[in-house]
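Single-letter residue listing:
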Amino acid sequence: MKPHGTHTDPPPSPALRVQALESLLIEKGLIDPGAIDEIVELFEHRIGPRNGARVVAHAWSDPRYKERLLANGTQAIAELGIGGMQGEDMVVLENTPRVHNVVVCTLCSCYPWPTLGLPPNWYKSAPYRARIVIEPRRVLAELGLELAAETEVRVWDSNAEIRYMVLPMRPAGTEGWSEERLAALVSRDAMIGTAVPTIEPRGGASPR
Amino acid sequence: MPALPRDQVRGAVRAGASARAEVPTAPIFKAGERVIARNIHPIGHTRLPRYVRGKHGIVQRHHGGFVFADTRAHGLGDQPQHLYSVRFEARELWGEGAIERNALYLDLWESYLEPEGSS
Amino acid sequence: MNGIHDLGGMHGLGPVVREENEPVFREEWERHVFAVLNLTLAAGQYNVDELRHAIERMDPARYLQTSYYEHWLHAAEDLLDAKGVVTREELLRRAVEITQRSSAAASGTSHSQVSGAPNGSRAPGAGRLPSE
Numbered sequence: 001m002k003p004h005g006t007h008t009d010p011p012p013s014p015a016l017r018v019q020a021l022e023s024l025l026i027e028k029g030l031i032d033p034g035a036i037d038e039i040v041e042l043f044e045h046r047i048g049p050r051n052g053a054r055v056v057a058h059a060w061s062d063p064r065y066k067e068r069l070l071a072n073g074t075q076a077i078a079e080l081g082i083g084g085m086q087g088e089d090m091v092v093l094e095n096t097p098r099v100h101n102v103v104v105c106t107l108c109s110c111y112p113w114p115t116l117g118l119p120p121n122w123y124k125s126a127p128y129r130a131r132i133v134i135e136p137r138r139v140l141a142e143l144g145l146e147l148a149a150e151t152e153v154r155v156w157d158s159n160a161e162i163r164y165m166v167l168p169m170r171p172a173g174t175e176g177w178s179e180e181r182l183a184a185l186v187s188r189d190a191m192i193g194t195a196v197p198t199i200e201p202r203g204g205a206s207p208r
Numbered sequence: 209m210p211a212l213p214r215d216q217v218r219g220a221v222r223a224g225a226s227a228r229a230e231v232p233t234a235p236i237f238k239a240g241e242r243v244i245a246r247n248i249h250p251i252g253h254t255r256l257p258r259y260v261r262g263k264h265g266i267v268q269r270h271h272g273g274f275v276f277a278d279t280r281a282h283g284l285g286d287q288p289q290h291l292y293s294v295r296f297e298a299r300e301l302w303g304e305g306a307i308e309r310n311a312l313y314l315d316l317w318e319s320y321l322e323p324e325g326s327s
Numbered sequence: 328m329n330g331i332h333d334l335g336g337m338h339g340l341g342p343v344v345r346e347e348n349e350p351v352f353r354e355e356w357e358r359h360v361f362a363v364l365n366l367t368l369a370a371g372q373y374n375v376d377e378l379r380h381a382i383e384r385m386d387p388a389r390y391l392q393t394s395y396y397e398h399w400l401h402a403a404e405d406l407l408d409a410k411g412v413v414t415r416e417e418l419l420r421r422a423v424e425i426t427q428r429s430s431a432a433a434s435g436t437s438h439s440q441v442s443g444a445p446n447g448s449r450a451p452g453a454g455r456l457p458s459e
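Protein chains in written order, with the numbering used here: chain H, 1 to 208; chain Y, 209 to 327; chain E, 328 to 459.
In short, the hints are calculated from the structure, not lab data.
All figures in this text were calculated on a predicted structure; none of them were measured in a lab.
There's no promise every hint is true.
What the hints assert, rightly or not - With a Cα cut of at most 20 Å, we get these calculated SDA-like pairs of lysine to any residue:
{"hint": "1", "chain 1": "E", "residue 1": "K410", "chain 2": "Y", "residue 2": "D215"}
{"hint": "2", "chain 1": "H", "residue 1": "K28", "chain 2": "E", "residue 2": "E349"}
{"hint": "3", "chain 1": "H", "residue 1": "K28", "chain 2": "Y", "residue 2": "P210"}
{"hint": "4", "chain 1": "H", "residue 1": "K124", "chain 2": "H", "residue 2": "R98"}
{"hint": "5", "chain 1": "Y", "residue 1": "K238", "chain 2": "Y", "residue 2": "P210"}
{"hint": "6", "chain 1": "H", "residue 1": "K124", "chain 2": "E", "residue 2": "E349"}
{"hint": "7", "chain 1": "H", "residue 1": "K124", "chain 2": "E", "residue 2": "V375"}
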């Protein structure tokens with residue numbers, strides 16, 4: 001077989017490459033083929049932003065929980081049975097009328113998996129990573145979020161192993177709502193900081 | 209280490225692998241202290257973005273000890289260091305054109321920082 | 328390193344394009360890259376810092392033009408080769424075998440015509456693996 005570089009064929013597709021890699025790893029006993037479906041299923045169907053929304057709704061409903069959440073994110077989130085890979089050390093950032101927080105990983109794509117699932121493509125994209133740190137208001141406005149001029153925007157670059165999640169402000173008019181109903185208002189983007197929760201018409205909430 | 213078996217996948221994902229680690233020395237910086245991100249340009253792995261190098265900030269919090277990415281990427285061991293949350297004003301990073309009220313927060317290991325006013 | 332990945336503050340990269348209801352995995356191969364990466368990480372073949380640095384060392388133009396899961400795939404191939412766990416030669420050989428098997432199956436040839444083409448040329452895409 002000729003060494004690579006002596007042909008003019010285009011390189012193999014990612015699909016072919018991973019098929020080759022996976023088959024070799026299985027043959028060498030380095031990965032369990034049964035584990036493949038298991039880990040995909042976990043992140044495709046079970047772990048996602050509904051976890052984070054539960055945390056937010058609980059904090060909105062229980063002021064003591066909110067205090068604990070802001071003091072030690074990891075522990076408070078674990079109280080709800082949430083935690084683990086890429087969320088071992090969590091800090092939760094509270095949005096207030098004066099301060100709006102937004103999270104990025106400029107160097108790669110670090111993101112709090114246990115609370116939000118896997119990150120969306122735009123979060124991992126070069127434009128977001130480059131621009132949110134230098135022109136956050138413009139990027140947020142492009143994403144549909146206008147902030148008052150007096151609001152301090154804090155951009156958190158997740159450059160180490162701390163993982164960040166935003167605790168958005170609770171919308172007005174939700175007094176007495178159940179946690180389940182509150183959680184339905186909380187979108188993934190609101191927990192990244194690129195959106196804020198609003199009250200949707202009944203049954204109309206389809207948060208990103 | 210052996211292959212992770214299917215029936216251990218959930219447990220492993222739920223447990224994760226925290227990067228926290230004991231550091232034998234006391235932290236040098238305290239919350240409220242003014243620091244400068246060092247102007248270093250390592251050719252290997254680093255988690256100190258170019259946009260903060262040489263910039264002045266204020267320590268917000270000491271996170272604790274964490275394994276050091278720069279050494280772990282090159283098989284040089286965990287070498288835990290104290291990790292700090294540091295706030296940088298937008299105008300410090302991006303000049304007078306930036307919005308005054310904005311700020312950036314980064315998590316920086318002790319070796320990325322020097323005290324303000326050091327020679 | 329002062330690599331292409333260190334994007335904070337860079338200009339000229341265009342708008343942030345946000346897709347509505349984007350799927351977790353767009354393609355089947357992305358699922359497999361995700362699984363292979365995490366399972367080899369869990370098995371201690373490398374650590375997350377090595378993976379990130381392998382991505383940082385990608386050719387800058389390829390870094391910007393390829394997708395997130397292609398970055399991970401590159402990192403896994405690169406590190407597993409460097410560590411002698413799965414070499415590029417093995418990967419290439421396996422990719423060729425897979426391609427030949429599927430073109431033989433597709434053309435419905437008998438088992439005496441493995442390559443499936445008159446002059447024995449390789450099927451497209453099996454020629455080489457992308458270099459680092």
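The hints, checked one at a time:
A hinted pair counts as satisfied when its Cα atoms are at most 20 Å apart, and E/K410 with Y/D215 does not qualify at roughly 28 Å. This hinted pair does not check out: H/K28 and E/E349 have alpha carbons roughly 35 Å apart, beyond 20 Å. A distance of roughly 11 Å separates the Cα atoms of H/K28 and Y/P210; the hinted pair therefore holds under the 20 Å criterion. Between the alpha carbons of H/K124 and H/R98 the distance comes to roughly 28 Å, so the proposed pair goes past 20 Å and is violated.
At most 20 Å may separate the alpha-carbon atoms for a hinted pair to count; Y/K238 and Y/P210 exceed this at roughly 42 Å. For the suggested pair H/K124 and E/E349, the alpha carbons sit about 13 Å apart, so the restraint of at most 20 Å is met. Proximity of H/K124 to E/V375 is assessed by CA-CA distance (about 17 Å); at most 20 Å being required, the pair is judged to hold.
In the structure shown, a violation is registered for the earlier hints numbered 1, 2, 4 and 5, in ascending order.
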